[in-house]
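Peer 1: Just so you know, the sequences run in chain order R and S.
My numbering numbers the first residue of the first sequence as 1 and each following residue consecutively.
My numbering numbers the first residue of the second sequence as 1001 and each following residue consecutively.
Hint data in this document are derived by calculation from the structure and do not stem from the laboratory.
Treat the hints loosely; a few may be bogus.
[Unchecked claim] Stretches of chain R that chain S covers, calculated by requiring three or more beta carbons in the stretch to come under 8 Å of a beta carbon on chain S: (1) 32-42; (2) 45-59; (3) 102-108.
Glycine included, each C-beta is placed from N, C-alpha and C at the ideal position.
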Amino acid sequence: DTEVTQTPKHLVMGMTNKKSLKCEQHMGHRAMYWYKQKAKKPPELMFVYSYEKLSINESVPSRFSPECPNSSLLNLHLHALQPEDSALYLCASSRKPDGSSGNTIYFGEGSWLTVV
Amino acid sequence: AQRVTQPEKLLSVFKGAPVELKCNYSYSGSPELFWYVQYSRQRLQLLLRHISRESIKGFTADLNKGETSFHLKKPFAQEEDSAMYYCALSGQAGNQFYFGTGTSLTVIP
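Using the sequences and the accompanying hints, generate a full structural model.
Peer 2: Rendered as structure tokens:
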């Protein structure tokens, strides 16, 4: 099973709303990621959690707030977003503790976010 | 710093022709290199990784440390190969994972 599940698939929110994106994996992976992808562009790394601790924040604005409640779940809390934040948000995971998956990263289908 | 370069944004080849998608990297260490593919309206999928040295869907890629390249090749392109291809690099710590700018491959029937 190489499944990373993201919800919702589509989200439309106003600039004053608060919403959350959710991600779940049951592969025993200990690293989880949020990426942002604009149309016809590569994914841009936003955050990395390793063993449930935030290890990388790529200078993401504070209106994006990640949370890792446990090793299987990753959330991205959204508040006061701007229209330019509209994009596909991808969750990914990698690295079993025994190293058996190497550094291969597995992606979810993404959440399409539109900020109006 | 680490960087992945894919010099071609767009690449068109005829069905049955050989195809090569270029990828160069710079990394101060021993990275792990990958190719990911994104078909229209589908999730990013792993195509192959250099440490596996395997062939997937007829594609191969060899890591050339001297030239710091990891070019993706297929001897005979098929229409279903039309997609966006991303070269990616993972650092030694494994937590950092960066993508090149991508190459959009179109296979002309």
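Peer 1: Taking the hints in turn, state whether each one holds.
Peer 2: Going down the list of hints, with the structure as the test:
With 4 residues carrying a beta carbon less than 8 Å from a beta carbon of chain S, the segment 32-42 of chain R meets the three-residue requirement, and the given coverage holds. For the segment 45-59 of chain R, the proposed coverage by chain S is satisfied: 5 residues have a C-beta within less than 8 Å of a C-beta in that chain, meeting the threshold of three. Against chain S, the segment 102-108 of chain R contributes 7 residues with a C-beta closer than 8 Å to a partner C-beta. That satisfies the three-residue criterion, and the hint holds.
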